[in-house]
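Now for the letters of each chain:
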Amino acid sequence: MVDINFDRVRPPALLDLTGISELAGWSCDGGVIRLGAGVPYARVIDELGGRLPGLALASRTVGSPQIRHRGTVGGNLGSASPAGDAHPPLLADEAVVETESVRGTRRIPIREFFTGVKRSTLAPDELIAAVHIRQAPGPQQFAKVGVRNAMVIAVCSFAIALDPGRGRVGTGFGSAAPTPRPATGAEEFLAAELAERGLWESRGPLAAATVQRFGELVASAAEPIDDVRGTAAYRRHSLAILARRTLTWAWQSYREEGRRCA
Amino acid sequence: MRVTCTVNGEPAVADDVWEGESLLFLLRERLGLPGSKNACEQGECGSCTVYLEGRPVCACLVAAGQVQGLAVRTVEGLAGADVLNPVQRAFLDAGAVQCGFCTPGLIVAADDLLRRVPSPGEAEIREALAGNLCRCTGYEKIIDAVRLAAARQSGAAADQPAAEWRSGGAGQPGATGQPGAARRSGPGAGNSAAAGGQSGARASRPGETGDSPAGQAVGGSR
Numbered sequence: 001m002v003d004i005n006f007d008r009v010r011p012p013a014l015l016d017l018t019g020i021s022e023l024a025g026w027s028c029d030g031g032v033i034r035l036g037a038g039v040p041y042a043r044v045i046d047e048l049g050g051r052l053p054g055l056a057l058a059s060r061t062v063g064s065p066q067i068r069h070r071g072t073v074g075g076n077l078g079s080a081s082p083a084g085d086a087h088p089p090l091l092a093d094e095a096v097v098e099t100e101s102v103r104g105t106r107r108i109p110i111r112e113f114f115t116g117v118k119r120s121t122l123a124p125d126e127l128i129a130a131v132h133i134r135q136a137p138g139p140q141q142f143a144k145v146g147v148r149n150a151m152v153i154a155v156c157s158f159a160i161a162l163d164p165g166r167g168r169v170g171t172g173f174g175s176a177a178p179t180p181r182p183a184t185g186a187e188e189f190l191a192a193e194l195a196e197r198g199l200w201e202s203r204g205p206l207a208a209a210t211v212q213r214f215g216e217l218v219a220s221a222a223e224p225i226d227d228v229r230g231t232a233a234y235r236r237h238s239l240a241i242l243a244r245r246t247l248t249w250a251w252q253s254y255r256e257e258g259r260r261c262a
Numbered sequence: 001m002r003v004t005c006t007v008n009g010e011p012a013v014a015d016d017v018w019e020g021e022s023l024l025f026l027l028r029e030r031l032g033l034p035g036s037k038n039a040c041e042q043g044e045c046g047s048c049t050v051y052l053e054g055r056p057v058c059a060c061l062v063a064a065g066q067v068q069g070l071a072v073r074t075v076e077g078l079a080g081a082d083v084l085n086p087v088q089r090a091f092l093d094a095g096a097v098q099c100g101f102c103t104p105g106l107i108v109a110a111d112d113l114l115r116r117v118p119s120p121g122e123a124e125i126r127e128a129l130a131g132n133l134c135r136c137t138g139y140e141k142i143i144d145a146v147r148l149a150a151a152r153q154s155g156a157a158a159d160q161p162a163a164e165w166r167s168g169g170a171g172q173p174g175a176t177g178q179p180g181a182a183r184r185s186g187p188g189a190g191n192s193a194a195a196g197g198q199s200g201a202r203a204s205r206p207g208e209t210g211d212s213p214a215g216q217a218v219g220g221s222r
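From first to last, the protein sequence lines are chains G and S.
Heads up, the first sequence is in my numbering, so the first residue is 1 and it goes up one at a time.
Heads up, the second sequence is in my numbering, so the first residue is 1 and it goes up one at a time.
Isolated chain G, as found in the complex:
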């Protein structure tokens, strides 16, 4: 709509999908949320904060209340911007994108969805119908750097999701590579550390060196550039900080959860 307002594009036709009720809702089946592509961020925050805390946190940093009433996770995926706020938690949660076309339905793992700057595996005639996300099996966190705390495109962003049941760690970062990306090296390192030290079971404190190394590995997965929002060096540096912080918060939640259950 911005491009039309500024006369940068004159599409021959516009298709309004907001009236299609199949896209406008979410459902939960077997612990997996099917989030319709047309569900606005405001509803993700209000209705799914408990089940999808990482995505809800990220949604809360999108634009302003006005924007969050209109913007959707489906639209974010369609734009496939490296800075899209929803992408890091979707990567951390290993979500699956459901697309529709006359050829049928496709399910695309999120980690295979992004192919380049604002490019994805979506075919020209395909429509994003929904995204499937497992109900959070453990603590999740999201953090974003911007020049303001509202109405900003991320300078960089990071999401973490802990899955104690499977002993896995999920990550995703934004605005620090041509596409949103998981930091797989950091995921594997942390999962191995937690397993070797028996920390999933003991819920003991994380060693400072572990947290430090996790941050370094996240930063090393980035391929940032200098641009108007920040330098590559700043992005790498702040990404390591976001990774350490979110890990610390998430692990703290996991430990507190354990105390409550004990």
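For the record, the hints were derived by calculation from the structure and aren't laboratory data.
Here the structure is a predicted model, which means the values were calculated and not measured.
Beta carbons are placed, not taken as given, at the ideal position from N, Cα and C, and that holds for glycine.
Careful, some of the hints might be misleading.
Said to hold, decoys possible - Covered by chain S, per the in silico footprint, the following chain G stretches (three or more residues, Cβ under 8 Å):
id: 1; stretch: 9-23
id: 2; stretch: 63-75
As the list claims (entries may be wrong) - Ranges between beta-carbon positions, derived for each pair:
id: 3; chain 1: G; residue 1: 28; chain 2: S; residue 2: 42; range: 30 to 40 Å
id: 4; chain 1: S; residue 1: 135; chain 2: G; residue 2: 259; range: 41 to 51 Å
id: 5; chain 1: S; residue 1: 117; chain 2: G; residue 2: 259; range: 24 to 34 Å
id: 6; chain 1: G; residue 1: 116; chain 2: S; residue 2: 100; range: 37 to 47 Å
id: 7; chain 1: G; residue 1: 17; chain 2: S; residue 2: 98; range: 37 to 47 Å
Claimed, not checked - Some chain G residues judged to face chain S by a derived CB distance under 10 Å, without partners named:
id: 8; residue: 5
id: 9; residue: 6
id: 10; residue: 40
id: 11; residue: 102
id: 12; residue: 103
id: 13; residue: 105
Fit chain S to the known structure of chain G by using the hints.
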């Protein structure tokens, strides 16, 4: 195309609407409702904020055709026949209006906040108004106005003049000169920097830049 919708409770029809036209253009140029302001046309400033099906949106980002069959409420639809909406009254009394261009959008955004949260805290006010830019006031009076409207709604300050009310509590004039830090506490503060212009320091307020993550305080899920 023809667009039929409800605007401020009345049926409205517009003919020969171009498909790429915004709801803002429809309201201002076709339906004679210039209260919603046209400023940035890219959803940044909030001056065109209207209710669409009861939710505040930027009218510049909604295609006119998308409101077919839906209900729109603009700033013109907030006041009664002879009496201002409480938020409008409070903006006047608190001196929250200077040039006035951002005011309609802020009134709608503040009205929405008070419908949802009758007694909002400072962080909630700032988060709710984060999408509305004002280049005159420095936001302090605007935030005062929202507090005043909330207080009047709850009856607590019904008989107190605005100036007297302002001189007490969190809205003290002294707070204006403190860049950021003092007001950045509590849940929700992380997403609430609506007052970015208050110190004239733009992006350089302590805690705003660098490694301060917006997600830190905003989610309430920790």
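Verification of the supplied hints:
Under a criterion of three residues with beta carbons nearer than 8 Å to beta carbons of chain S, the stated coverage of the stretch 9-23 of chain G is upheld, 6 such residues being counted. Chain S is given as covering the stretch 63-75 of chain G, and this holds because 7 residues of the stretch bring a CB closer than 8 Å to a CB of that chain, at least three being needed. Taking the beta carbon of each, residue 28(G) and residue 42(S) are about 36 Å apart, inside 30 to 40 Å as hinted. Taken as a hint, the range 41 to 51 Å holds for the pair residue 135(S) and residue 259(G), whose Cβ atoms sit roughly 49 Å apart.
A hinted range of 24 to 34 Å for the beta carbons of residue 117(S) and residue 259(G) is consistent with their spacing of about 32 Å. Remark: the range hint 37 to 47 Å for residue 116(G) to residue 100(S) is upheld by a beta-carbon distance near 45 Å. Look at residue 17(G) against residue 98(S): about 40 Å separates their beta carbons, and that is inside 37 to 47 Å. Checking residue 5(G) against chain S by beta carbon gives a least distance of about 4 Å; that is within 10 Å, so the hint holds.
Using the Cβ-Cβ criterion of 10 Å, the hint placing residue 6(G) at the interface with chain S is satisfied: the shortest such distance is roughly 7 Å. Residue-level restraint check for residue 40(G) holds (minimum Cβ-Cβ distance to chain S is 8 Å; threshold 10 Å). Hint status for residue 102(G) relative to chain S: violated, with the closest Cβ pair at about 24 Å, above 10 Å. Nearest Cβ of chain S to the Cβ of residue 103(G): about 28 Å, over the 10 Å cut. The hint is violated.
Given the 10 Å rule on beta carbons, the hint for residue 105(G) is violated: about 26 Å separates it from the nearest Cβ of chain S.
The structure does not agree with the numbered hints 11, 12 and 13 stated previously, though it agrees with the rest.
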